[in-house]
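Peer 1: Just so you know, the sequences run in chain order A and B.
Going letter by letter, the first sequence gives residues 1 to 112 in the numbering used here.
Going letter by letter, the second sequence gives residues 1 to 114 in the numbering used here.
Accuracy of the hints is not assured; some may be wrong.
[Said to hold, decoys possible] Calculated lysine-lysine pairs in the DSBU-like style (CA-CA distance at most 30 Å, straight line): (1) A:K17 <-> B:K83; (2) B:K78 <-> A:K56; (3) A:K3 <-> A:K68; (4) A:K104 <-> B:K78; (5) A:K68 <-> B:K83; (6) A:K68 <-> B:K78; (7) A:K56 <-> A:K17.
[Said to hold, decoys possible] Derived coverage of chain A by chain B (criterion: at least 3 residues anywhere in the stretch with Cβ under 8 Å from a Cβ of chain B; other residues may be distant): (8) 55-62; (9) 102-110.
Simulated from the structure, these hints should not be mistaken for laboratory data.
All C-beta atoms, glycine included, are put in the ideal place defined by N, C-alpha and C.
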Amino acid sequence: ELKVEQNPLFLSMQEGKNYTIYCNYSTTSDRLYWYRQDPGKSLESLFVLLSNGAVKQEGRLMASLDTKARLSTLHITAAVHDLSATYFCAVAPTGANSKLTFGKGITLSVRP
Amino acid sequence: EPEVTQTPSHQVTQMGQEVILRCVPISNHLYFYWYRQILGQKVEFLVSFYNNEISEKSEIFDDRFSVERPDGSNFTLKIRSTKLEDSAMYFCASSERAGRETQYFGPGTRLLVL
Chain A
1 ELKVEQNPLF LSMQEGKNYT IYCNYSTTSD RLYWYRQDPG KSLESLFVLL
51 SNGAVKQEGR LMASLDTKAR LSTLHITAAV HDLSATYFCA VAPTGANSKL
101 TFGKGITLSV RP
Chain B
1 EPEVTQTPSH QVTQMGQEVI LRCVPISNHL YFYWYRQILG QKVEFLVSFY
51 NNEISEKSEI FDDRFSVERP DGSNFTLKIR STKLEDSAMY FCASSERAGR
101 ETQYFGPGTR LLVL
């Protein structure tokens with residue numbers, strides 16, 4: 001059974017500082033997704049990582065994937081209040097199966 | 001920009017009743033999904049659907065649950081004999097193809113079973 005772990009589950013960030021959050025998964029996968037969820041809202045796709053060593057950046061967020069370590073990181077540069085949200089990673093098993101298994105999510109709160 | 005839409009946004013029902021949650025996937029997408037999220041918990045896969053049949057379903061998707069694509073645009077989730085533990089946010093998602101494609105999520109339907 002594919003398991004996805006995210007840590008920490010909650011992170012209080014100071015504006016302007018850099019942070020990294022992590023997503024580990026238990027079995028072979030060839031793709032990993034990062035989603036953002038604001039309270040009471042839907043899931044917004046941030047990144048799709050499809051190969052070992054993949055790195056994608058959008059604004060202050062940069063995601064990377066190490067399939068050998070079964071680890072993805074989401075790096076936040078110079079945190080701002082707008083980044084406060086819950087961030088989920090989701091993993092699909094290798095192959096055509098599209099079922100996504102989500103982690104519990106990491107709630108980020110940016111304080112002044 | 002195309003988006004997945006869902007109706008209703010909120011649904012309250014009595015235990016034992018039937019509910020139908022509706023979704024309109026993005027128009028050129030061929031793969032459809034339902035997920036649910038119990039308040040404060042992670043998102044859980046329910047079912048995937050392609051070419052008018054279920055591709056995969058989870059243990060949550062028991063025989064009270066069914067999905068249908070009644071016409072060219074709608075994708076529905078029906079829950080019969082609702083239970084208190086069915087209370088959750090239900091998300092519909094769609095993707096253009098299977099496999100290595102982004103799944104785009106709708107805004108969700110919050111279901112409350114009393």
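Peer 1: All hints are to be evaluated individually against the structure, with a verdict given for each.
Peer 2: Hints, one by one, checked against the model:
1. Of the pairs offered as hints, the one joining A:K17 and B:K83 is violated, with about 46 Å between alpha carbons and a cut-off of 30 Å exceeded.
2. In summary, the hint linking B:K78 to A:K56 is not supported, as the alpha carbons are separated by about 38 Å, beyond the 30 Å threshold.
3. For the given pair, A:K3 sits about 16 Å from A:K68 by alpha-carbon distance, which is consistent with the 30 Å threshold.
4. The straight-line distance between the Cα atoms of A:K104 and B:K78 is roughly 26 Å, inside the 30 Å bound, and the hint therefore holds.
5. Between A:K68 and B:K83 the alpha-carbon distance is near 42 Å, which puts this suggested pair outside the 30 Å criterion.
6. Proximity of A:K68 to B:K78 is assessed by CA-CA distance (about 40 Å); at most 30 Å being required, the pair is judged violated.
7. At most 30 Å may separate the alpha-carbon atoms for a hinted pair to count; A:K56 and A:K17 meet this at roughly 20 Å.
8. Proximity of the stretch 55-62 of chain A to chain B, defined as three or more residues with a beta carbon under 8 Å from a beta carbon of that chain, is not established by the 0 residues found.
9. Taking a C-beta to C-beta cut-off of 8 Å, the stretch 102-110 of chain A contributes 4 residues in contact with chain B, enough for the three needed, and the coverage statement holds.
Hint violations for this structure: numbers 1, 2, 5, 6, 8, all remaining hints satisfied.
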